[in-house]
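From first to last, the protein sequence lines stand for chains A and B.
Reminder that position 25 of the first sequence reads as 25 in our numbering, one-by-one numbering, no gaps.
Each number in our numbering corresponds to the 1-based position in the second sequence with 1000 added.
Worth flagging that the hints you see were computed from the coordinates, not collected in a lab.
C-beta: ideal position from N, C-alpha, C; glycine also.
Just the calculated beta-carbon pair ranges, DEER-fashion:
1. A/F58 with B/E1201: 35 to 41 Å
2. A/Q72 with B/D1087: 21 to 27 Å
3. B/D1129 with A/R57: 22 to 28 Å
4. A/A26 with B/T1044: 45 to 51 Å
5. A/T52 with B/R1017: 37 to 43 Å
6. A/F58 with B/T1044: 33 to 39 Å
7. B/T1102 with A/Q72: 49 to 55 Å
8. B/G1089 with A/D67: 20 to 26 Å
9. B/D1316 with A/E83: 52 to 58 Å
10. B/A1269 with A/G65: 46 to 52 Å
11. A/A75 with B/V1246: 51 to 57 Å
12. A/D67 with B/Q1075: 29 to 35 Å
13. A/V90 with B/L1033: 15 to 21 Å
14. B/P1106 with A/T52: 29 to 35 Å
Among the chain B residues that face chain A by a calculated CB cut under 10 Å, a handful are:
15. G1058
16. T1077
17. R1083
18. E1086
19. G1089
20. A1090
21. A1091
22. A1093
Residue strings, one per chain:
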Amino acid sequence: MSVQVVLPGVLADLAGGSKHLDVEPAGTTLADLLDELAARHPLLGRRIRDETGQVRRFVNVYVDGDDVRFTQGLATEVRDGAEVQVLPSVAGG
Amino acid sequence: MTDLLAIGTRKGLWLARSDDDRRTWTVDGPHLLAQEVAAVSVDTRRERPRVLAGIQYGHWGPTVMWSDDLGASWQETDHGAIRFPEDTGAALARVWQLRPDTDDRPDVVWAGCEPHSLWRSADGGCTFDLVRGLWDHPHRPTWEPGGGGGAVHTVLPDAASDRVTIAMSTGGVYVSEDRGDSWEPRSRGISAVFMPDPMPEYGQCVHKVAVDAGGPQRMYAQNHFGVFRTDDSGGSWTSIAEGLPVDFGFPIVTSPHAPGTAWVVPLVADMQRVPPDGRLRVHRTRDAGESWSEVGTGLPDRAWTAVMRDAMCADDRDPTGIYVGTRDGCVYASADEGETFSLVADHLPDVLAVRAVRLP
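Could you put the whole structure together from the sequences, leaning on the hints where they help?
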């Protein structure tokens, strides 16, 4: 199974400069996908999730366009061919 | 000889240098732009000075970064320099303090963090281990977060023994005599006006603690209301606030050379937190707090701002240099022990931390 991860430009350097990554997770959930992503790119993994595994407060993750905070969170199913987008939330000042 | 002043702000780090005995400064930056730098330290024990920065990426979380080329490049540990062990269920929220240990422990660096935790690095700040003795202390669940969050913000390793002193908001002062394995509160005499018992054994909101040049048994504390001194390593504290215009503030800094000499920046409290009448001034004692003098010619008269707990520091020169950074982005330097100040930088983001060293 292969999933495309779309990163914001500010994180692309942590993934070898690419904003689009093809990732093959070991399982079918978002947590599995992020585990695989972190194994390949540890710094990128830490930007997205803290050490407890939770997605950081001001990071939004969309699976096929749906914000996972309003679906099943890290347990959200990620199908073969899905697009997972990581975006910074509207925050700061 | 170059004097280096590291300036951590809410949106990056600046490095100021002086090559003329601290008369004029050249400011270089921003480094780490858009990242909050709440803790900064320059470790001069290494062959090449290492700038350590406790940063917060904003959206992307906190970590420790370091530069061995004075800001030209920055490094960080892939998996995070500071990571709570899985069994704690905790996540790092902010690095509040980075403190290199003494010269005979050249690779040891301490970090005070939020949530309340102390960390020790044995590799110069690349990776840290949680000090379990403090994390497992039965008092820890009672340490409430202050307005800025609950954190260990002061770490004072003793050069001549295994003693480590820390201060927390809230929590108060705790001391370990065995490099962190066990801890006991040493806050008796420091007030806590926000608690039912205003003189508790622990739980105080101590804003900063500094060690006297005459020896580690004498320390000073700027408290959330009150300035205090201990002469017995925290066994008991007595007020030394008489003579100050107000007794609130965040930083307290001691001379590296002159016993009995310390500086504070009084702020009107509790809700205003600005200098009295808007006059930003430093107050200095030469007699361990028995008396205070207002100093600081050159500091502004209309400064409705504040100085955070790590935004004042001393260098190790003689006469001692004093450095003050404000929440409105100004940094002032004094080369004469606080008598007179000149502007180093202005229009920076909120200044959160300053540290001054001499470069070899």
